[in-house]
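Same order as they appear, the protein sequences are chains A and B.
Following my numbering, the numbering of the first sequence begins with 1 at its first residue and continues without gaps.
Following my numbering, the numbering of the second sequence begins with 1 at its first residue and continues without gaps.
Treat the hints as calculated values from the structure; they're not laboratory data.
Be careful, since some hints might not be right.
Identical copies go unnamed one by one, so any copy, or any two together, can satisfy a pair.
Claimed, not checked - Straight-line alpha carbon distances no greater than 20 Å define the calculated DMTMM-like cross-link-like pairs of lysine to aspartate or glutamate that follow: (1) Lys147 x Glu64; (2) Lys30 x Glu48; (3) Lys147 x Asp157; (4) Lys124 x Glu64; (5) Lys124 x Asp57.
Number of protein chains: 2
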Amino acid sequence: MKALMAATTSLGILTLGSSVVDHAVAQAAKSQSVTRAGSQPSTKGPAEYFTGNARVDPLFAANESAPYSGAYVTFEPGARSNWHTHPAGQRLIVTYGVGRTQEWGGPVVEVRAGDHIWCPPGVKHWHGASPTTPMTHLTLSGMRDGKNVEWLERVTDEQYGR
Amino acid sequence: MKALMAATTSLGILTLGSSVVDHAVAQAAKSQSVTRAGSQPSTKGPAEYFTGNARVDPLFAANESAPYSGAYVTFEPGARSNWHTHPAGQRLIVTYGVGRTQEWGGPVVEVRAGDHIWCPPGVKHWHGASPTTPMTHLTLSGMRDGKNVEWLERVTDEQYGR
């Protein structure tokens with residue numbers, strides 16, 4: 001902690017850089033750390049698990065004290081995940097646009113910015129954009145035995161309700 | 001799960017109401033549930049724990065599978081929390097504006113929309129707005145033994161750096 005504090009003090013207010021964040025990680029959770037917008041590259045949702053274009057903007061990994069990972073995921077119009085389950089459940093907070101989600105055996109449900117979803121462990125679901133507008137949500141995925149998702153089959157156009 | 005599905009089916013797509021959410025809670029985490037924007041009243045951050053105006057927009061409580069509560073907290077310009085610790089740590093994701101945070105013994109650090117913060121268990125810190133602009137963050141606070149925060153003394157104007 002002393003080393004981190006020395007580093008941040010020398011950088012001063014308003015100039016905390018990514019090197020300090022790296023340092024904070026190395027300090028193994030003894031000090032508060034700040035991760036800056038733009039410091040982690042986005043990735044594309046793999047075609048194996050997504051229909052259409054999905055972008056993943058990673059935020060943080062699970063740790064011992066907070067056993068859930070976090071990322072913003074944005075679906076372009078018509079895009080959606082495959083069916084899948086989460087071994088320790090998932091919280092989704094819709095931050096932009098209009099999307100859809102469905103639990104296996106249930107109806108397709110529309111979700112809008114400001115809505116949030118709780119998917120309990122083992123419940124089979126999918127989530128994605130509406131057919132005509134994008135949807136961004138913050139995903140908080142619980143980790144169990146090193147896994148936070150179990151991918152299943154593709155969501156057909158008929159299931160999606162296109 | 002069947003009862004929830006019946007309820008959602010009868011409501012149909014795009015009309016899932018808060019009564020279904022209540023039902024989902026009663027179903028004790030067997031089904032996916034949607035909580036709608038605007039369905040939970042905001043509260044004011046108590047003067048005992050906050051300097052200036054802070055508004056808490058609650059999202060969700062901790063549960064057994066996801067042991068952290070979530071809320072958006074908005075600080076008006078100049079507002080900040082008291083010093084405090086979190087027994088199971090806290091993640092903060094800045095969603096709007098410009099704010100400040102500080103760990104005990106360290107410098108005041110500016111944070112901006114898109115930045116996120118990890119505060120490990122037991123680390124004494126505060127967070128708030130900048131002196132001239134507001135800051136909104138999503139707070140994810142770990143729960144340990146039924147507690148997610150330990151409130152301490154007020155952040156003085158000198159500490160805040162006004």
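We went through each hint and held it up to the structure:
1. Lys147 x Glu64: Answer is both: 14 Å inside a copy and 17 Å across each meet the 20 Å cutoff.
2. Lys30 x Glu48: neither (38 Å within a copy, 28 Å between copies)
3. Lys147 x Asp157: neither (28 Å within a copy, 45 Å between copies)
4. Lys124 x Glu64: between (26 Å within a copy, 19 Å between copies)
5. Lys124 x Asp57: neither (23 Å within a copy, 29 Å between copies)
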